[in-house]
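Engineer: Residues per chain are reported as follows:
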Amino acid sequence: MTVARQDFLVDLRAVRFAYGEREILRGIDLSVRRGQVVAIMGGSGCGKTTLLRLIGGQLRASAGQVVVDGADLAGLSRAALYGLRRRMGMLFQFGALFTDMSVFDNVAFPLREHTDLPPELVRALVLMKLNAVGLRGAEALSPAELSGGMARRVALARAIALDPMLIMYDEPFAGLDPISLGVIGQLIRRLNDALGASSIMVTHDIHESLEIVDYVYFVSDGRIVARGTPDEIRASDDPFVHQFVHAEADGPVPFHYPAPSLAASLLGEVGA
Amino acid sequence: MSGVIGFLRRVGSRTVDMVWRLGFATRFFGLVLLYSGQSFRRLHLTIREIYFAGVLSLLIILVSGLFVGMVLGLQGYETLQRFGSSDALGVLVALSLTRELGPVVAGLLFASRAGSAITAEIGLMKVTEQLKAMDMMAVSPIARVVAPRFWGGVVSMPLLAALFTAMGILGGWLIGVVFIGVDDGAFWSQMQAAVDFRYDVMNGVIKSIVFGVAVSLIAVFEGYDCTPTAEGVSRAITRTVVSSALAILALDFVLTSFMFRGQS
Ligand SMILES: Nc1ncnc2c1ncn2[C@@H]1O[C@H](COP(=O)(O)OP(=O)(O)OP(=O)(O)O)[C@@H](O)[C@H]1O
Ligand SMILES: [Mg+2]
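In the order they appear, the protein sequences are chains P and U.
When we follow the numbering used here, the leftmost residue of the first sequence carries the number 1, and every step to the right adds one.
When we follow the numbering used here, the leftmost residue of the second sequence carries the number 1, and every step to the right adds one.
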């Protein structure tokens, strides 16, 4: 299947990234077709959040290209980057709600910053978004009064306040009960289709996400190790995918951060 | 030998770090000024920060001003009456306050009350990724968060110093005239005759503006630059208070040496 480049909203080509000396991403090729919901999966600490930051332009790739809506982020001025970001929504892993504002003001923030809508219209829009995540009744609460899962749902409402063309979700399902999990999963799919947007979702919840996404990437050790549509993933006999789908501790994905053996550490042999 | 090399290395890396930070702070200051236009257009943001920095420091400033003035009244009377010139108490109290104690002590109090709060607030916003989230929403955190707090501090500080001075003079009067019995008319008229508006009062005001800029800049910079952890924020707050105090005292010496060279 050949697809023209302009069909891709997001296109990463051989992207590398390092924090100081530590190389986190070593050549990532990843693309998101317009209208698709794409999931990125991988072990904890493998660089998924970093990947979203690169797409949002908050980090610069040390090599390779990050192209969003036809623009190479490396060559963008700050103003152009901000212009692009107005059409992106990002749900942060820990919500990142503004603690000095109420739930309502948090969701209204992007609307007030970027539009001149009259207050009644802002109010109507905010209540609609809050309703979509099931928290219309919580509009007057402050972020400190929310549970972790509620805060993430408010953050979700804020991320979609401006009806973005690209929505990035960093672990939207973490801290949700099974009911909200299903509802939020469906919401992500419906929003994507209703807005004509594209979505990238970082998640560990493989079973929930296989229900709603169009394509899945598996990241490990700084590379894409497996990819495919949900059906291909389910049918895959790739050991990596198998380990993930069946939640096995042993397999290609290491559970441990690189370290000397536990026995060696306990015996104090490190560096001795 | 290796000890010496290690020492030199540490000194070297400390120095390089400091130069980096200084450069970064200068660039940061430039950015704050650049983005100030945006925050002036939305004045309510700055007014809110004037409330937080200014109104909330009001109580401590007023109370401290009163006490400093009362102490000046007691000490000043004690010394002046030895030379039989206790009528000049008003002059002594007013000059010490307008020229030095008003701006300096108010500045120190402002740094520990408002400056530390600004650093803590910005630092915590950084820890909880609020600044990153804002940046991701195409809203510059420097324009939206930093610049209003900076200008809030810059506007509040001279007003607080003026209130501190006024309360201090009131405290000196209370002790000198009401309790000790210095002549009321002499207290005020000598003060009026001896205190020059441009030379004494305005120079004090200039000092308080300079201190306001310094403290506000240090406070917002330390918050914005902190290591995003609980420990990093607490260290940043300490640094704000310590650096502000040093900056105020050093700047005070420099300004004083330019302003007051014993002409009058
Ligand atoms: N600011 C930073 N400075 C240095 N190293 C960092 C920084 N942020 C993350 N890292 C490192 O980069 C690696 C990838 O981090 P990232 O947050 O992208 O992981 P992740 O895949 O999102 O993990 P998780 O699923 O736990 O959220 C981690 O090993 C982490 O140690
Ligand atoms: Mg992450």
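Bear in mind the hints are in silico, worked out from the structure with no lab data behind them.
Check each hint, because a few of them may be wrong.
[To be verified] On the chain U side, residues computed to face chain P include the following (Cβ under 8 Å): (1) Val127; (2) Thr128; (3) Gln130; (4) Lys132; (5) Ala133; (6) Asp135; (7) Met136; (8) Val139.
[Stated by the list, open to error] If we take Cβ atoms under 10 Å as the criterion, some of the chain U residues that face chain P in the derived model are: (9) Glu121; (10) Arg144; (11) Val155; (12) Leu159; (13) Leu163.
The beta carbon of each residue, even a glycine, is placed where N, CA and C say it ideally should be.
Engineer: If a hint holds in the structure, say so; if it does not, say that too.
Structural biologist: Outcome of the hint check:
no.	hint	verdict
1	Val127	10 Å, violated
2	Thr128	6 Å, holds
3	Gln130	5 Å, holds
4	Lys132	7 Å, holds
5	Ala133	4 Å, holds
6	Asp135	7 Å, holds
7	Met136	5 Å, holds
8	Val139	5 Å, holds
9	Glu121	8 Å, holds
10	Arg144	8 Å, holds
11	Val155	20 Å, violated
12	Leu159	24 Å, violated
13	Leu163	27 Å, violated
Hint violations for this structure: numbers 1, 11, 12, 13, all remaining hints satisfied.
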